[in-house]
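K.L.:
Okay, here's what each chain looks like letter by letter:
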Amino acid sequence: MTANLKKKPETMTDVIGLYIKDVIDAYPAVGDILAKAEIGCVTCSVGTCLIKDVVSIHNLTETQEQALFANIAAVIFPGQTPALPKTERKTPTSGTQKLSPPLQALVNEHTNIKRVLAQLPALIERLQKGLNPETRQTVAEVIDFIRQYADRFHHAKEEDILFKYFDAGSDILTVMMNEHEIGRHHVRTALAALEQGNAALIIEHLTAYGALLKEHIRKEDEILYPWMNRELTDSQVGQLFSKFNVVDEQFGAKANTYLGMIDKLEKG
Amino acid sequence: MSACGCPGSQTMAFKREDSTAPAGPEGVVKSQLAQWPLQLHLINPMAPYFQGADVVLTADCVAYALGNYHNAYLKGKSIAIACPKLDSEQEEYVEKIKTWIDEAKINTLTVMIMQVPCCRGLLALAKEAASQATRKVPIKYVIVSLQGDILEEAWA
Chain A
1 MTANLKKKPE
11 TMTDVIGLYI
21 KDVIDAYPAV
31 GDILAKAEIG
41 CVTCSVGTCL
51 IKDVVSIHNL
61 TETQEQALFA
71 NIAAVIFPGQ
81 TPALPKTERK
91 TPTSGTQKLS
101 PPLQALVNEH
111 TNIKRVLAQL
121 PALIERLQKG
131 LNPETRQTVA
141 EVIDFIRQYA
151 DRFHHAKEED
161 ILFKYFDAGS
171 DILTVMMNEH
181 EIGRHHVRTA
191 LAALEQGNAA
201 LIIEHLTAYG
211 ALLKEHIRKE
221 DEILYPWMNR
231 ELTDSQVGQL
241 FSKFNVVDEQ
251 FGAKANTYLG
261 MIDKLEKG
Chain B
1001 MSACGCPGSQ
1011 TMAFKREDST
1021 APAGPEGVVK
1031 SQLAQWPLQL
1041 HLINPMAPYF
1051 QGADVVLTAD
1061 CVAYALGNYH
1071 NAYLKGKSIA
1081 IACPKLDSEQ
1091 EEYVEKIKTW
1101 IDEAKINTLT
1111 VMIMQVPCCR
1121 GLLALAKEAA
1131 SQATRKVPIK
1141 YVIVSLQGDI
1151 LEEAWA
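For the record, the sequence lines run as chains A and B. Just so you know, we're using the numbering used here here: the first sequence kicks off at 1 and counts up by one. Just so you know, we're using the numbering used here here: the second sequence kicks off at 1001 and counts up by one.
Bear in mind the hints are in silico, worked out from the structure with no lab data behind them. The structure presented is a predicted model; accordingly, all values stated were derived computationally and were not measured. Misleading hints may appear alongside valid ones.
What the simulated footprint calls covered on chain B by chain A, stretch by stretch (three residues with Cβ under 8 Å from a Cβ of chain A suffice, anywhere in the stretch; the number is not a length) [unchecked claim]:
#: 1; segment: 1113-1127
#: 2; segment: 1134-1140
Derived, one-sided and incomplete: chain B residues facing chain A with beta-carbon distance under 10 Å [claimed, not checked]:
#: 3; residue: CYS1006
#: 4; residue: ASP1054
#: 5; residue: VAL1056
#: 6; residue: LYS1077
#: 7; residue: ALA1154
For each residue, glycine too, the CB sits at the ideal point set by N, CA and C.
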């Protein structure tokens, strides 16, 4: 038992109302059970989510959810068979779902961002050999892409539009916004390092940014957007679609310019 | 009827568990219809209730098959009904849907059809109109079984 978990829960209903990090700290095997269910809370840096919120957001079937709770109960209440609670669910079944057009547009933008992230190891290898003018130019272009396309264009759609349809204080949005801020810190620092000609510092922060964003995008594509897709009404989907179109028009031809930059980067 | 007859007009009877039981918790479902007319030939696509609206274009048979049509699908939306198999002059339908999208600036279009193959024509017609429109809107389709279950609901 850790200090965060002040007393042992008495029922599984108590358990799912606890902060997930506190439970994992007190019962590390629960982290393994969640990881097997592809609920990656062990690596989360925030951990302020309640177990029931984390489970419900993953859209497990009732059968999967009950099996998960049974496995957790076996760790916390060994030798006992406590009653297993059920989380509230808007849709009764799991399975693949086609995202609405505005959310699919965000996933498509992720694909472009991931193409750039995939080039970071090669760029870092070049940086390790020194910061020559050609490498300096490539780093500047990559940072410009991250700041303009990934942050001002894509993340702004999320923060200024999409997230406004949900509870700003919710755990999942807190985690996502926190990761956006950490990403911005890495990019600011990498840019300052570029201006100072500090290759080691650029490597450190581009590496950290790449790892952060890769996991961030996975969480959004596989967990956040499917959950939001289930929560949004048709009317809200239409509103998002129109608002995203305005942002697309404002960004205009710059999107194609950045796609051309990605092509160039991939060709080396 | 031969086994290879048209599925859309094949004679079938469905057994319901208890036809004398109340239709729902209160036995009465309040109408969510908020406009007139409904038929796609009769509606004016520029009518105020289509401006910026979420529109549900419903095949004629859907509302009879689907028990909770009013509360689950019509509530808060504007409506038009049509039959892609029997209605004539469907080119006018394409023009009206284009007008919804470009002029009335509807927010979303939901197309509700029955599972019978001929009903797909209504979704095809809506997609054709959307492809001709200058504006773009999200289009959703819902396919209803003959027994009144939702077989598929997805964004096109």
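K.L.:
All hints, please: hold or fail.
P.N.:
Hints and how they fare:
Coverage of the segment 1113-1127 of chain B by chain A is violated. Counting CB-CB distances below 8 Å, 0 residues qualify, and the rule asks for three or more. Evaluation of the coverage hint for the segment 1134-1140 of chain B: fulfilled, as 4 residues show C-beta separations to chain A shorter than 8 Å, against a requirement of three. Residue-level restraint check for B:CYS1006 is violated (minimum Cβ-Cβ distance to chain A is 30 Å; threshold 10 Å). Given the 10 Å rule on beta carbons, the hint for B:ASP1054 holds: about 5 Å separates it from the nearest Cβ of chain A.
Interface restraint check: B:VAL1056 against chain A, minimum CB-CB distance 9 Å, threshold 10 Å, status holds. The beta carbon of B:LYS1077 comes within 8 Å of a beta carbon in chain A, closer than 10 Å, and the hint placing it at the interface holds. A hinted interface residue such as B:ALA1154 counts as satisfied when its beta carbon comes closer than 10 Å to some beta carbon of chain A; here the least separation is about 5 Å, so the hint holds.
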